[in-house]
Structures are given as C-alpha cells and as structure tokens.
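Trainee: Sequence:
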Amino acid sequence: MNEEKKRIRISRRHFLKVAMLSTVMATIGGIPFIHRNWKLAAAAPALAMPAPKKFPRKPMIAAENEKPGTANWRVTKPAAGQIQGYASATSVTGGDTLQLHISTRTQGQRYDLEVYRLGYYQGKGARQVFSKKGLTGQAQGWWSQQEGRHGLPEPDPDTKLLDLGWRPSFDLRIGEDWVTGLYVVRLTEADGFQSYIPFLVRDEQYEHDLMVQSSVTTWHAYSAWGGYGYYGHYDEETGKYLEYDDDPKNVAVKISYNRPYEQYSGSGDLYLEYPTVYWLESKGYDIGYVTNIDTHLGRVPWTPKGFVSLGHDEYYSRQMRTYVERLRDQGVHLAFFGANDVYWQIRFEDDPARTDGSERREPRLQVCYKYRAIAEDPVEQRKLLTTEWRNINEPENQLLGQMYEGLVSQGYDWVVSNPNHWLYEGLQVRKGEAVRGLVGWEYDTVTNDIFTPANLDIIAASPLVNTKGKKAEAHTTIYRYWTNALVFDAGTIYWCFGLANPWEDARGNVSEIIQGVTANLLNRFVDVQQKES
Numbered sequence: 001m002n003e004e005k006k007r008i009r010i011s012r013r014h015f016l017k018v019a020m021l022s023t024v025m026a027t028i029g030g031i032p033f034i035h036r037n038w039k040l041a042a043a044a045p046a047l048a049m050p051a052p053k054k055f056p057r058k059p060m061i062a063a064e065n066e067k068p069g070t071a072n073w074r075v076t077k078p079a080a081g082q083i084q085g086y087a088s089a090t091s092v093t094g095g096d097t098l099q100l101h102i103s104t105r106t107q108g109q110r111y112d113l114e115v116y117r118l119g120y121y122q123g124k125g126a127r128q129v130f131s132k133k134g135l136t137g138q139a140q141g142w143w144s145q146q147e148g149r150h151g152l153p154e155p156d157p158d159t160k161l162l163d164l165g166w167r168p169s170f171d172l173r174i175g176e177d178w179v180t181g182l183y184v185v186r187l188t189e190a191d192g193f194q195s196y197i198p199f200l201v202r203d204e205q206y207e208h209d210l211m212v213q214s215s216v217t218t219w220h221a222y223s224a225w226g227g228y229g230y231y232g233h234y235d236e237e238t239g240k241y242l243e244y245d246d247d248p249k250n251v252a253v254k255i256s257y258n259r260p261y262e263q264y265s266g267s268g269d270l271y272l273e274y275p276t277v278y279w280l281e282s283k284g285y286d287i288g289y290v291t292n293i294d295t296h297l298g299r300v301p302w303t304p305k306g307f308v309s310l311g312h313d314e315y316y317s318r319q320m321r322t323y324v325e326r327l328r329d330q331g332v333h334l335a336f337f338g339a340n341d342v343y344w345q346i347r348f349e350d351d352p353a354r355t356d357g358s359e360r361r362e363p364r365l366q367v368c369y370k371y372r373a374i375a376e377d378p379v380e381q382r383k384l385l386t387t388e389w390r391n392i393n394e395p396e397n398q399l400l401g402q403m404y405e406g407l408v409s410q411g412y413d414w415v416v417s418n419p420n421h422w423l424y425e426g427l428q429v430r431k432g433e434a435v436r437g438l439v440g441w442e443y444d445t446v447t448n449d450i451f452t453p454a455n456l457d458i459i460a461a462s463p464l465v466n467t468k469g470k471k472a473e474a475h476t477t478i479y480r481y482w483t484n485a486l487v488f489d490a491g492t493i494y495w496c497f498g499l500a501n502p503w504e505d506a507r508g509n510v511s512e513i514i515q516g517v518t519a520n521l522l523n524r525f526v527d528v529q530q531k532e533s
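With our numbering applied, the sequence shown corresponds to residues 1 to 533, in that order.
Keep in mind that the hints were calculated from the coordinates and are not lab data. Just so you know, not all the hints are guaranteed correct.
To be verified - As a list, the in silico DSSO-like pairs of lysine-lysine whose alpha-carbon atoms are at most 27 angstroms apart:
hint : residue 1 : residue 2
1    : 133       : 77
2    : 132       : 77
3    : 124       : 58
4    : 283       : 67
Claimed, not checked - Here are the simulated distance ranges between beta carbons:
hint : residue 1 : residue 2 : range
5    : 428       : 132       : 50 to 56 angstroms
6    : 242       : 378       : 22 to 28 angstroms
7    : 449       : 68        : 49 to 55 angstroms
8    : 375       : 469       : 25 to 31 angstroms
9    : 235       : 378       : 27 to 33 angstroms
Treat the numbers as computed from the prediction; the structure is a model and nothing was measured. Glycine residues also receive a C-beta, built at the ideal position from the N, C-alpha and C atoms.
Generate coordinates for the entire structure from the input sequences, incorporating the hints supplied.
Mentor: Here it is in structure tokens:
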C-alpha cells in the first residue's frame with residue numbers, strides 16, 4: 001500500500017508541471033487571470049433540489065456502533081488479478097438489489113463473499129452484515145499493474161475508455177435494517193487472494209444532522225485499472241507507469257464505472273475517508289451518508305444542518321456544485337475536510353434525465369478532458385468545459401473561501417495562527433503551536449482576488465516549500481455566508497489523519513487540536529444555540 005501511495009503522490013507532483021505551462025490559465029501577482037472574452041458565469045443551471053421539508057428523525061449511528069464489531073475485515077493477501085470486481089451502483093438504499101460483477105483468473109475458482117459496514121465498533125472498525133461461502137467464479141478477464149490486460153476489451157484508441165461489461169455474478173439484497181454508511185464487499189478466492197468492492201448505503205426515510213459525502217468521482221479519476229486513467233497509463237511492454245507529462249496523449253479523457261478500482265485492493269480512495277468516518281462514528285454524530293453521485297442526481301430528499309465532504313473531493317459536475325451551493329444558500333453549514341476540492345469540472349456522458357430526484361439509475365461514464373479541454377472537449381457551452389473551474393471564471397474560492405495552490409513532497413507542520421478563534425475554544429492552544437506533518441500532499445491557500453469572501457478567517461497558516469521550490473503557506477479557513485451558513489476548508493488532504501489512525505501505520509499525526517477544532521465546528525453545525533466568541 002505504501003508503494004502505491006508513493007506512486008500516486010509522485011504522479012501528482014509531475015502532473016502539476018502541466019498546470020504551470022497550461023495556456024488556459026495564468027497567475028499574475030497571486031490573482032487568477034480571467035479571460036477577457038469570457039463573461040462571468042451566471043448562477044448554476046436548473047437542478048431541481050427538493051424543497052426543504054421535514055422528515056422524521058432517527059439517529060442511528062451511536063446505537064449501530066454498540067453492536068459487536070470485528071477487526072477481521074481487512075485484506076491480508078492482496079489479489080493481483082486473481083479476483084476482482086465492481087458494483088452496479090455507488091450508492092443504494094434499503095431494499096435495493098446491488099449487482100456485483102466479479103471475475104476470477106481461472107474459470108470455476110471458488111470464492112467467499114463477505115460484506116462489512118465500516119465504522120468505529122469499539123475500535124475494531126467494522127461489522128459483518130452478510131456472508132456467502134463457496135461461490136463459483138467466472139473468468140471474465142483480469143488485469144494487474146505488472147502483467148497488464150488479459151481477456152479484456154481494448155480501450156478506445158482516442159479516449160482510452162475501457163468499459164468491461166462483465167456479467168453479473170451475485171445479486172446482493174440490501175437489508176432494510178442496514179444502517180447508512182460506507183460498506184465493503186471482501187472477496188476471498190480459494191488460494192486466499194483478496195480484493196474489495198466498495199459501496200455506500202444512503203438513507204431516504206429519515207433526516208440527519210450531518211450529510212457526509214464520499215467523493216467517488218475522485219476515486220475513479222485516480223484509478224488506472226485496465227491501463228489508463230486521468231493521470232497516466234501503464235506501458236503494456238514494461239508495466240511502467242507513465243505520467244501525463246511523459247505522454248500527454250496517452251491518458252484517458254473518459255472513464256467507466258464498469259471496472260474495479262485500481263487503488264488499495266479495489267477500495268478506491270477509502271484510505272482518505274475512513275479515518276474521518278471512524279472518528280465521527282466514535283463520537284456518535286447523527287449522520288446520513290451519500291456519494292457525490294447522489295448529490296449530482298439530487299436524490300437526497302432531506303436537508304441536513306451540516307454538509308461534510310470527506311477525503312479528496314476534487315472532481316465536481318455542474319450539478320454537484322450547484323447542489324452544494326444551494327445547501328449553503330439555504331443556510332446549511334459546509335465543511336471540506338481536505339484540499340484541492342472542487343477543482344475540475346466533469347460531466348457524465350450517459351447522464352439520465354432527472355428533474356425531481358426520482359431517477360434511480362446512476363451515470364457510469366465520467367468525462368474530463370482536463371488540460372486538453374479547450375482544444376478537444378466537444379461540448380458546446382463553455383461553462384460546461386471539463387477543465388479547471390477557475391478557467392471558466394468560477395474558481396473554487398467562491399465556494400471554499402480559498403484555492404488549491406500546489407503539492408509538497410513531505411508532510412509539513414500545521415501551525416496555529418489565531419488561537420483566540422472560537423474554533424479553538426477549550427483547547428488552550430498558543431500562536432505558533434504545531435501539529436506535526438499534517439500538511440500534505442496537496443494544500444490550499446488564500447488569494448487576494450474578487451472571489452475571496454471578505455469575512456474569511458484564517459485559523460492556521462503553515463509555512464512550507466512546495467514542489468516548485470516556492471516558499472508558501474497552507475491555510476485553514478472559515479467564513480460565514482450571508483444565509484448564516486458557515487463554510488470551513490481544512491486546506492490539507494491529511495486532515496483525516498489528525499482525527500484518527502485506524503490504519504495503524506506510521507503517520508502518527510493524530511492530534512487533540514485537530515480533533516478539538518473539528519468537534520467545535522461540527523457542534524456549532526448541529527447546535528444553533530451555541531454562541532461564537
């Protein structure tokens with residue numbers, strides 16, 4: 001796992017060079033350049049958000065985590081093509097049937113299937129909700145980083161799209177009593193090789209204090225399963241990973257959800273989301289989980305007090321951004337516990353028609369031309385170009401309060417800058433106090449431009465040297481929108497590791513300061529009577 005994380009981070013550093021050379025965007029004196037022939041974008045287009053209405057309340061996270069947990073949910077012998085799979089949807093609800101598309105390397109290979117809900121569970125991290133033993137595998141093709149594609153269709157020569165179309169292997173009935181949350185299917189074949197298929201259970205019956213979003217569009221963006229992804233490709237002869245700047249035409253601009261995740265035994269970027277989930281559930285917050293496909297489709301019928309973005313929430317469709325901005329417009333508080341969020345605009349080529357959130361089918365074909373968008377994206381409306389949001393005059397600081405600036409090659413200390421702010425209440429911190437190694441691998445910073453909220457508070461300013469050799473600062477910020485909604489941006493992808501370390505690895509960044517700031521923020525979200533100091 002550590003080697004794979006290293007590869008992804010290095011790939012991002014090299015990829016940043018392309019952004020520096022991009023003719024689409026320039027930075028002058030720290031102010032984003034706005035193309036003179038482009039008008040400021042109007043309000044986001046029609047996305048029918050359900051009108052706020054009251055739903056019955058049923059907090060269930062605390063009671064769920066009192067049930068017996070298990071530590072035996074992890075992959076201990078990672079598969080490299082022996083068994084792999086993907087789900088027919090990223091998000092389901094009680095009573096749905098989720099189709100699992102599974103392939104074993106050899107026809108008839110036996111395997112076991114176990115389903116776990118992830119949470120705290122007395123520190124064990126998961127609870128088993130279903131198992132099925134002795135299933136018969138179908139050989140539908142396989143791929144590994146080292147050995148390439150076997151028995152799979154060829155990617156499209158122009159877009160590098162790979163859509164597997166595997167036959168369904170197992171129909172998983174979602175229990176009516178399965179509590180909203182992150183779930184994984186663990187597949188174990190007869191020789192002990194294992195992989196995951198992740199999915200999420202959402203709640204459409206009850207209202208919750210916090211809507212917690214899993215960023216599956218970014219999970220797919222970083223996956224090069226089958227050979228190609230947004231960031232590069234695997235050379236078929238050598239197995240070497242070649243990044244965007246090595247061969248910019250040999251990257252995908254379209255990716256299918258009908259393929260496994262490459263990262264971490266098929267679990268996607270779960271490693272960046274699970275620590276926050278583990279901590280939130282240990283505290284018993286009233287949570288309803290969604291994916292950003294749910295926000296894209298507008299199919300969450302209830303309105304929370306606060307919205308929380310997990311992990312690395314980089315890739316947003318127009319509909320996703322509109323949904324989140326309209327939550328803010330309704331006075332819903334927002335928290336982004338990462339960095340480099342809301343950076344690229346995407347769209348879905350197979351987007352189902354929807355007007356009222358009633359559409360059940362999920363889109364499965366994600367499009368992002370990125371640095372090639374100006375020249376190659378065939379979309380007619382410029383505001384829908386799959387490029388950086390800042391390139392269409394809708395920079396991310398309009399929403400977040402600050403902007404993505406760059407990468408670091410090591411974890412830098414996170415440094416308190418405003419110890420008297422209410423977010424530090426009860427923590428007894430001093431100016432300059434640091435949390436070791438919390439800033440990485442990407443960071444945000446405040447810019448002096450017309451899009452930065454005038455009432456933005458900087459609560460942490462962390463000196464660093466980025467991968468361009470520039471001395472800079474990473475910031476953690478908060479502002480209050482005119483609807484009274486608070487908007488918090490952590491400004492570092494590693495925020496989750498300040499909350500918990502359920503992976504039990506060597507990061508060692510768990511901090512009472514980060515836990516305290518997060519608790520003060522979320523308690524303010526759910527308790528409107530609490531006063532600011």
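Trainee: With reference to the structure, classify each hint as holding or not holding.
Mentor: Hint by hint, here is what the structure shows:
no.	hint	in the structure
1	133 x 77	18 angstroms, holds
2	132 x 77	19 angstroms, holds
3	124 x 58	24 angstroms, holds
4	283 x 67	15 angstroms, holds
5	428 x 132: 50 to 56 angstroms	52 angstroms, holds
6	242 x 378: 22 to 28 angstroms	26 angstroms, holds
7	449 x 68: 49 to 55 angstroms	53 angstroms, holds
8	375 x 469: 25 to 31 angstroms	30 angstroms, holds
9	235 x 378: 27 to 33 angstroms	28 angstroms, holds
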